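Line by line, the protein sequences are chains A and B. In this text, residue positions in the first sequence follow UniProt numbering: the first is 1, and each later residue adds one. In this text, residue positions in the second sequence follow UniProt numbering: the first is 1, and each later residue adds one.
Careful: at least some of the hints might be erroneous.
You can't tell identical chains apart in this list, so a pair holds if it fits in one copy or across any two.
As the list claims (entries may be wrong) - In silico SDA-like links for lysine to any residue, alpha-carbon gap of 25 Å or less:
#, residue 1, residue 2
1, LYS179, THR32
2, LYS350, GLY250
3, LYS301, GLN247
4, LYS301, LEU248
5, LYS350, LEU252
6, LYS357, LEU252
7, LYS350, ASN171
8, LYS285, ILE104
9, LYS124, SER218
10, LYS350, VAL168
11, LYS21, GLY9
12, LYS285, GLU141
13, LYS350, LEU248
14, LYS350, GLN247
15, LYS301, ARG258
16, LYS124, ILE104
17, LYS301, GLY250
18, LYS90, GLN103
The hints are simulated quantities; they were obtained by calculation from the structure and are not laboratory data. Computed from a prediction, not measured in an experiment: that's the story for all the values here.
Number of protein chains: 2
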Amino acid sequence: MAGEIRNNGRRALLAEIRRNKRIPRIDLAERTGISRATVTTITADLLKEGLIEEVREDVTGKDNRRGRPKVDLKIRGAARHVVGIKVANKTISTVLHDFEGAQIADHDLALEKSVFGANELAEKLAEVIAGLVDKAGLDAEDISGVGVGIAGTVDALQGFVYWSPSLVDRNLALGQVLKDHLGVPVFIDNDANLVAVAERSFGLGQEHSDFIVVTIESGVGMGIVIGNELYRGNRGCGAEFGHTKVQLDGALCRCGQRGCLEAYVADYALLREATVAGGNPADDKVENLLGAARHGDPLAKSIVDRAGRMFAMGLSNIVNIFDPELIILSGEQMQSDHLYAEDVIEAMRKSVVQIDKAGPEVVVHQWGDLMWAQGAAAYALDEVSELAVSGIKPNAV
Amino acid sequence: MAGEIRNNGRRALLAEIRRNKRIPRIDLAERTGISRATVTTITADLLKEGLIEEVREDVTGKDNRRGRPKVDLKIRGAARHVVGIKVANKTISTVLHDFEGAQIADHDLALEKSVFGANELAEKLAEVIAGLVDKAGLDAEDISGVGVGIAGTVDALQGFVYWSPSLVDRNLALGQVLKDHLGVPVFIDNDANLVAVAERSFGLGQEHSDFIVVTIESGVGMGIVIGNELYRGNRGCGAEFGHTKVQLDGALCRCGQRGCLEAYVADYALLREATVAGGNPADDKVENLLGAARHGDPLAKSIVDRAGRMFAMGLSNIVNIFDPELIILSGEQMQSDHLYAEDVIEAMRKSVVQIDKAGPEVVVHQWGDLMWAQGAAAYALDEVSELAVSGIKPNAV
Numbered sequence: 001m002a003g004e005i006r007n008n009g010r011r012a013l014l015a016e017i018r019r020n021k022r023i024p025r026i027d028l029a030e031r032t033g034i035s036r037a038t039v040t041t042i043t044a045d046l047l048k049e050g051l052i053e054e055v056r057e058d059v060t061g062k063d064n065r066r067g068r069p070k071v072d073l074k075i076r077g078a079a080r081h082v083v084g085i086k087v088a089n090k091t092i093s094t095v096l097h098d099f100e101g102a103q104i105a106d107h108d109l110a111l112e113k114s115v116f117g118a119n120e121l122a123e124k125l126a127e128v129i130a131g132l133v134d135k136a137g138l139d140a141e142d143i144s145g146v147g148v149g150i151a152g153t154v155d156a157l158q159g160f161v162y163w164s165p166s167l168v169d170r171n172l173a174l175g176q177v178l179k180d181h182l183g184v185p186v187f188i189d190n191d192a193n194l195v196a197v198a199e200r201s202f203g204l205g206q207e208h209s210d211f212i213v214v215t216i217e218s219g220v221g222m223g224i225v226i227g228n229e230l231y232r233g234n235r236g237c238g239a240e241f242g243h244t245k246v247q248l249d250g251a252l253c254r255c256g257q258r259g260c261l262e263a264y265v266a267d268y269a270l271l272r273e274a275t276v277a278g279g280n281p282a283d284d285k286v287e288n289l290l291g292a293a294r295h296g297d298p299l300a301k302s303i304v305d306r307a308g309r310m311f312a313m314g315l316s317n318i319v320n321i322f323d324p325e326l327i328i329l330s331g332e333q334m335q336s337d338h339l340y341a342e343d344v345i346e347a348m349r350k351s352v353v354q355i356d357k358a359g360p361e362v363v364v365h366q367w368g369d370l371m372w373a374q375g376a377a378a379y380a381l382d383e384v385s386e387l388a389v390s391g392i393k394p395n396a397v
Numbered sequence: 001m002a003g004e005i006r007n008n009g010r011r012a013l014l015a016e017i018r019r020n021k022r023i024p025r026i027d028l029a030e031r032t033g034i035s036r037a038t039v040t041t042i043t044a045d046l047l048k049e050g051l052i053e054e055v056r057e058d059v060t061g062k063d064n065r066r067g068r069p070k071v072d073l074k075i076r077g078a079a080r081h082v083v084g085i086k087v088a089n090k091t092i093s094t095v096l097h098d099f100e101g102a103q104i105a106d107h108d109l110a111l112e113k114s115v116f117g118a119n120e121l122a123e124k125l126a127e128v129i130a131g132l133v134d135k136a137g138l139d140a141e142d143i144s145g146v147g148v149g150i151a152g153t154v155d156a157l158q159g160f161v162y163w164s165p166s167l168v169d170r171n172l173a174l175g176q177v178l179k180d181h182l183g184v185p186v187f188i189d190n191d192a193n194l195v196a197v198a199e200r201s202f203g204l205g206q207e208h209s210d211f212i213v214v215t216i217e218s219g220v221g222m223g224i225v226i227g228n229e230l231y232r233g234n235r236g237c238g239a240e241f242g243h244t245k246v247q248l249d250g251a252l253c254r255c256g257q258r259g260c261l262e263a264y265v266a267d268y269a270l271l272r273e274a275t276v277a278g279g280n281p282a283d284d285k286v287e288n289l290l291g292a293a294r295h296g297d298p299l300a301k302s303i304v305d306r307a308g309r310m311f312a313m314g315l316s317n318i319v320n321i322f323d324p325e326l327i328i329l330s331g332e333q334m335q336s337d338h339l340y341a342e343d344v345i346e347a348m349r350k351s352v353v354q355i356d357k358a359g360p361e362v363v364v365h366q367w368g369d370l371m372w373a374q375g376a377a378a379y380a381l382d383e384v385s386e387l388a389v390s391g392i393k394p395n396a397v
């Protein structure tokens, strides 16, 4: 119990230093409610362990006062390095962050296929990490943890994947397989959850304790942050926004069930409609269908409009349940523009319970390709920080 | 800040004593991580303030050891009394609890109408509280707080009601109106939220940190508990399960929107269908329609079955979003039996994302009439405890 209390103090101080970028010891005591004596003891330990460092402001600095130089504490970037990985359909994207969260390098690997055995995936990850570490001018031993975002149903706390479109087998202890293979702690989560972590750590969620992230790729994902914590559900399979039902006995979804939101808004759903409609205006590319809709083709427009209305309906259900302050629509493809359109958001607003107070802010945040990997790095950084708080040395797997 | 730390200690110890019913000081230190010296100081204060009391076990007690009598601490029931109120359609139900949470009395008042002005409602509440306090053999001054559960959209933290079917006006600072009228602190919340509080405080939720309560009355309500805390949303209008949409441009709901779950499962929705269907098998009473369905009338059965399937679909959306450990279906009317039926729960289970681990436990908890009022009392007790923690004397409004 004494150890736990000590760790609580270390965790609180490290988090406060991180939040403030730079902060003098005396402010730490004030903001955390931890006594000055304890702050002095703990920060001395953190300095000795190299997790934080002192920065001295020049005595002739901006406030021009004389006397003792002002000493701030900050996170020591070189203390740890983490890798964030997104396993996508035909690529693996990776980033390398230092302990301050600064991005040091990024590296991608094209894949010749989409579905892997666990060991095969581990080898691919080892390969791309080697390239990444090399780019950053570091050694493999410098990496203290690896975060992996993967589509599917993941019990993050157990590192267990119930199923993923990227994996041959169901029910895999993938975290353990990767850890054994890579020789560092590995932290796995559903990829949309990690976008929410990225938004919380260094995105639009920084100023909000409760918010929802909706991601659109080939599927529709969601991440839920409540009280600054990612909400993962009991078995790690909450936030399955794409498989909430928008129609009783509705369109067939790839998951085998009927009426899922994805079965109305995913690329394959749009193409299915276009094909069935006979005079297919869009051959087999969804870009062409979307283009035809933009140019006023009535059939294409009817197909794309319904997807938007179904998306608005699904989104309104989320608002009616969570009443969030902020919804972040997070995508990287122009392809999702029709779902993020002003009239879709407006339709959502008309479908939520009406009170005389404005509803949630809705922000479209079109990140680049690396968003997902950055989320995985943010998750790894959280977990590696926690290991450091507990006094566990880097690379002690 | 020092005061805040002191209050954190008081709050933690009071909560631990409450949780354990009876507990010796030494266990308090162990379970909370608060030092023995601080436990001694704080519990001495709490004893002096009359919030807790000592219970001495007889030296020839069950373990038959000799020596110093074992002294436990417990909450002192007489320290505070709270009233819980449910404002329903044509009745007001109330209960009176002591500081231990024991129910001392209950009292109902029949109403001649359903919709009230704020002052008019305040007078009705004063009347029913007077009757309740009298039944309990107490005085009005013995009441330290009143919890009120009311249907509608409520910002509980502000005591503000955006709208309620029980109130003439929208946007009412009802908490302030009632507090001025009754002369005690008043805590208002949406009634379904308070059922969740009741389940957490003394019901099936006691052993679960995350669970969902779904209530069925004339409307469909929901309460969400995450991390042992009620989740209320940003504006207090989350958990609007009854107005999540189950059909795009679907049946008209009393709220004016289309496709709400309530528009398929509420009494009026069933009767609307029965009437439209011509050979009305059920005159104008939903009981008769449900009875006809049970007896195999095909039309009645078709109407009731669809309500069940829509309810299953709505419930599956909740599971796909929250992945809860436990769902409590909470109602008091035989009238909801068709929605709580085994085949409805089974349909829900088939509509959630399938993984190789069992889904949520679903429990039907048919409480008596007083459930709602007990939830309101539990809420008032939480808030009155918090006032006591801050050292605020009872009746200091």
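Here is what the structure says about each hint:
For the homomeric pair LYS179 and THR32, neither the shortest alpha-carbon distance inside one copy (35 Å) nor that between copies (35 Å) is at most 25 Å. Taking CA atoms no more than 25 Å apart as the test, LYS350 paired with GLY250 passes in both settings, with 23 Å inside one copy and 14 Å between copies. Taking the shortest alpha-carbon separations for LYS301 and GLN247, both the intra-copy value of 21 Å and the inter-copy value of 21 Å come in at or below 25 Å. Proximity of LYS301 to LEU248 under the C-alpha cut-off of 25 Å is found in both arrangements, the shortest distances being 24 Å within a copy and 18 Å between copies.
In this homomeric assembly, LYS350 and LEU252 come within 25 Å of each other (Cα to Cα) only across copies, at 14 Å, whereas the closest approach inside a single copy is 27 Å. Proximity of LYS357 and LEU252 under a CA criterion of 25 Å is satisfied inter-copy only: 24 Å between copies versus 38 Å inside one chain copy. In this homomeric assembly, LYS350 and ASN171 come within 25 Å of each other (Cα to Cα) only across copies, at 19 Å, whereas the closest approach inside a single copy is 41 Å. Proximity of LYS285 and ILE104 under a CA criterion of 25 Å is satisfied in neither setting, with 37 Å inside one chain copy and 70 Å between copies.
With identical chains, the CA atoms of LYS124 and SER218 are at most 25 Å apart within one copy only, with a shortest distance of 22 Å there and 57 Å across copies. Taking the shortest Cα distances, LYS350 and VAL168 sit within 25 Å of each other only across copies (24 Å), while inside one copy they are farther apart (43 Å). With identical chains, the CA atoms of LYS21 and GLY9 are at most 25 Å apart within one copy only, with a shortest distance of 18 Å there and 30 Å across copies. For the homomeric pair LYS285 and GLU141, neither the shortest alpha-carbon distance inside one copy (45 Å) nor that between copies (74 Å) is at most 25 Å.
Taking the shortest alpha-carbon separations for LYS350 and LEU248, both the intra-copy value of 22 Å and the inter-copy value of 13 Å come in at or below 25 Å. With identical chains, the CA atoms of LYS350 and GLN247 are at most 25 Å apart both within one copy (19 Å) and between copies (15 Å). For the homomeric pair LYS301 and ARG258, the shortest alpha-carbon distances inside one copy (24 Å) and between copies (23 Å) are both at most 25 Å. Taking the shortest Cα distances, LYS124 and ILE104 sit within 25 Å of each other inside one copy (21 Å), while across copies they are farther apart (67 Å).
Proximity of LYS301 and GLY250 under a CA criterion of 25 Å is satisfied in both settings, with 21 Å inside one chain copy and 22 Å between copies. Taking CA atoms no more than 25 Å apart as the test, LYS90 paired with GLN103 passes inside one copy only; the shortest distance there is 23 Å, against 63 Å between copies.
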